[in-house]
Amino acid sequence: MGFFLVMKAEIIRSLIIMRRYWFRTLTGMAIGYGMLMVLIIGFMSSRDTITDAVDGRFADPTTATNFVLGFILGMFAFGVVGMFTQGIQGMAQSGVLEQLCMSPHGLIVNFLAKATVGAVTSVFYSGIMVWLVTISVNGVLYFDAFPVIVLLTLTFINLLGFGFMMGGLTLVFKQVGQVAILIRMALFALAIFAREELLEINFLISAVMHALPITDAAICLKYVLIYDQGAVNGEYASVFTHPSFYFLILNCVVWTSIGIACFKVMENWSRSRGTLGTY
Amino acid sequence: MTPDSGSLVSLDGIHKTFFTRHFFYRENDDARRRIYVKKEVHAAQDINIDIAPGKIFGLLGPNGAGKTTTVKMISGLVKPDKGAVWVEGINVEKSRKEILKRIGVVLEGTRTTIWPLTPMENLRYYGNLKNVRGSVLKKRAHELLDFIGLSEKKDVQVRHMSRGQKQKLAICIALIADPKVILLDEPTTGLDVQSSRAIKDKIIEMTREHGKAVLVTTHDMHVAQELCDTIGIIDQGKLVTCKPMNELIEVFSESVFEFRVDEAPLLDPLRAIPGVVQAEVENGNQSNTKLLVLHLTPKEEFRSEALYNVVTHLRDCGIQLHSINQRQQNLESVFLQLTTSSI
Ligand SMILES: Nc1ncnc2c1ncn2[C@@H]1O[C@H](COP(=O)(O)OP(=O)(O)OP(=O)(O)O)[C@@H](O)[C@H]1O
Ligand SMILES: [Mg+2]
Numbered sequence: 001m002g003f004f005l006v007m008k009a010e011i012i013r014s015l016i017i018m019r020r021y022w023f024r025t026l027t028g029m030a031i032g033y034g035m036l037m038v039l040i041i042g043f044m045s046s047r048d049t050i051t052d053a054v055d056g057r058f059a060d061p062t063t064a065t066n067f068v069l070g071f072i073l074g075m076f077a078f079g080v081v082g083m084f085t086q087g088i089q090g091m092a093q094s095g096v097l098e099q100l101c102m103s104p105h106g107l108i109v110n111f112l113a114k115a116t117v118g119a120v121t122s123v124f125y126s127g128i129m130v131w132l133v134t135i136s137v138n139g140v141l142y143f144d145a146f147p148v149i150v151l152l153t154l155t156f157i158n159l160l161g162f163g164f165m166m167g168g169l170t171l172v173f174k175q176v177g178q179v180a181i182l183i184r185m186a187l188f189a190l191a192i193f194a195r196e197e198l199l200e201i202n203f204l205i206s207a208v209m210h211a212l213p214i215t216d217a218a219i220c221l222k223y224v225l226i227y228d229q230g231a232v233n234g235e236y237a238s239v240f241t242h243p244s245f246y247f248l249i250l251n252c253v254v255w256t257s258i259g260i261a262c263f264k265v266m267e268n269w270s271r272s273r274g275t276l277g278t279y
Numbered sequence: 001m002t003p004d005s006g007s008l009v010s011l012d013g014i015h016k017t018f019f020t021r022h023f024f025y026r027e028n029d030d031a032r033r034r035i036y037v038k039k040e041v042h043a044a045q046d047i048n049i050d051i052a053p054g055k056i057f058g059l060l061g062p063n064g065a066g067k068t069t070t071v072k073m074i075s076g077l078v079k080p081d082k083g084a085v086w087v088e089g090i091n092v093e094k095s096r097k098e099i100l101k102r103i104g105v106v107l108e109g110t111r112t113t114i115w116p117l118t119p120m121e122n123l124r125y126y127g128n129l130k131n132v133r134g135s136v137l138k139k140r141a142h143e144l145l146d147f148i149g150l151s152e153k154k155d156v157q158v159r160h161m162s163r164g165q166k167q168k169l170a171i172c173i174a175l176i177a178d179p180k181v182i183l184l185d186e187p188t189t190g191l192d193v194q195s196s197r198a199i200k201d202k203i204i205e206m207t208r209e210h211g212k213a214v215l216v217t218t219h220d221m222h223v224a225q226e227l228c229d230t231i232g233i234i235d236q237g238k239l240v241t242c243k244p245m246n247e248l249i250e251v252f253s254e255s256v257f258e259f260r261v262d263e264a265p266l267l268d269p270l271r272a273i274p275g276v277v278q279a280e281v282e283n284g285n286q287s288n289t290k291l292l293v294l295h296l297t298p299k300e301e302f303r304s305e306a307l308y309n310v311v312t313h314l315r316d317c318g319i320q321l322h323s324i325n326q327r328q329q330n331l332e333s334v335f336l337q338l339t340t341s342s343i
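Sequence lines, in order, name chains A and B.
For the first sequence, my numbering assigns the number 1 to the initial residue and increments by one for each residue that follows.
For the second sequence, my numbering assigns the number 1 to the initial residue and increments by one for each residue that follows.
Treat each hint with caution, since some may be false.
Claimed, not checked - Coverage of chain A stretches by chain B, computed from C-beta distances (three or more under 8 Å per stretch; other residues unrestricted):
(1) 17-26
(2) 87-97
(3) 101-111
(4) 148-161
(5) 231-242
It should be emphasised that the hints constitute simulated quantities derived from the structure, not laboratory data.
We put the CB at the ideal spot given by N, CA and C, even for glycine.
Work out the full structure, taking the sequences as your base and the hints as a guide.
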């Protein structure tokens with residue numbers, strides 16, 4: 001109940017801000033698009049020199065789309081976790097955090113609503129961007145709405161758990177924000193390079209990869225959007241039967257429990273150390 | 001233990017100590033040494049406060065005394081190390097969410113408002129966070145902006161408003177859920193005379209008519225003297241005194257005496273007289289006389305003895321005494337007297 005009320009407030013707030021800062025919103029997207037294109041072209045051409053391909057830049061569009069999708073997913077992960085780390089740090093400095101703490105709905109509900117609204121907005125933007133870039137590089141995306149929505153939701157829940165954990169740490173140790181940037185970068189890279197082959201190197205690496213919050217999500221999403229759930233390579237197998245999908249669900253459950261538990265403990269600790277404010 | 005029945009807010013033996021750890025660099029003869037220091041700050045030591053409905057409690061104290069910390073402990077933002085806080089008979093630590101519905105807080109100097117939004121949008125946002133919605137929220141938001149004098153700014157983004165206007169909005173936000181208990185941390189800093197007047201009047205009205213309990217911290221003695229029924233003075237985390245306003249001033253007025261004399265006596269022998277706490281000479285209005293101001297002990301049985309001794313001493317020195325007066329104190333001098341030790 002409280003969640004929806006907070007969510008409504010949050011939606012109204014972000015719509016107003018988006019409208020009021022429309023110029024920033026638009027230029028942000030334009031810059032994102034430009035950056036992505038430059039990166040792709042760079043990526044592709046360096047690849048070409050290495051493999052000595054002669055077929056021209058975008059001979060294999062799946063490589064490009066793979067990269068684009070990974071990149072945008074990475075941005076998404078970067079953003080969701082950032083909402084907790086940098087977000088909390090900023091709000092502590094401005095004093096908004098203390099106001100949120102004094103909301104009877106509780107800090108967790110407030111952040112849940114904030115993150116959900118943020119994620120939906122960013123999925124919307126990223127969607128447009130993925131689409132634009134894919135067109136520009138002649139790629140093909142197979143958009144099967146149901147699995148995509150399920151996967152995106154799971155990805156979000158997965159990141160949320162991780163975000164809550166990082167956010168909890170930021171509540172107590174304000175300097176975590178800096179370290180968190182590194183971790184977010186790592187997530188970002190992981191989203192780009194996550195491939196099934198990565199899971200087959202050896203047991204240790206595959207265990208670590210499964211434990212990290214974005215790998216399985218990225219693999220599943222790529223499986224649907226780029227390989228049309230296997231149909232591209234001949235045999236169709238629904239993503240819901242893919243092993244990574246089960247790992248993703250497991251990952252969600254584990255990370256959310258850890259995240260929320262950690263957040264609660266840290267919230268309490270931060271209240272006893274008085275670090276909800278600027279201290 | 002249950003709280004004192006009949007009071008809306010009750011602090012029961014609150015303790016809070018903060019620890020800060022940091023590295024400290026010390027220049028040695030040849031090297032710079034890094035020392036790890038751990039410091040303790042006692043922000044609250046055994047604080048007991050009760051605020052009855054319809055009463056305004058003023059918390060005064062020098063910088064860093066622990067006023068903001070106390071406010072934060074009542075609002076559940078800081079957890080006390082020891083002791084309990086009760087609001088409307090509910091323990092803050094045990095059911096924090098219940099408490100949060102009942103209190104409105106203005107924290108000092110923080111940017112609680114969301115800058116890209118207008119005051120109206122801010123009030124709606126925070127109203128929703130506080131579980132107020134629909135037509136009630138709309139009506140209350142309009143009323144609050146009207147009373148505080150922000151209605152013509154209600155569609156201007158907060159970032160374009162002045163500091164005082166932001167402060168007014170912060171007060172409106174604290175009042176949006178119509179709380180029973182209101183905690184105001186330095187509410188009138190940065191406000192112009194009219195606004196701070198208006199806010200004082202509104203606080204008094206709300207308290208008296210709607211039976212709210214208010215806690216105000218301030219550095220402005222006039223505000224405190226006009227507003228508060230009870231004054232608590234806190235210094236280095238200790239509640240030095242906690243008395244009804246008039247009693248507090250009376251007690252201190254009783255112990256300050258003005259002696260109009262024809263020439264200034266030496267002060268040290270006077271200070272040596274038992275029962276004399278403080279002695280100083282002020283220049284009187286009439287140029288030919290001096291004003292000797294003595295602070296005597298508040299304990300009555302020693303005071304008369306001290307007075308006799310002072311008069312005898314003045315006569316022995318051959319100083320002519322024109323008159324003796326009991327000085328009327330105000331809150332400021334009382335405050336200074338109680339907290340000078342730490343300055
Ligand atoms: N979270 C914290 N960590 C460490 N020290 C703290 C923390 N919060 C407060 N303190 C310390 O506790 C003491 C009391 O602080 P507080 O903010 O309550 O003072 P105050 O009475 O409100 O002062 P002012 O009049 O300047 O507002 C200060 O010495 C401050 O440095
Ligand atoms: Mg303060």
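If any of the earlier hints don't hold here, list their numbers in rising order.
4, 5
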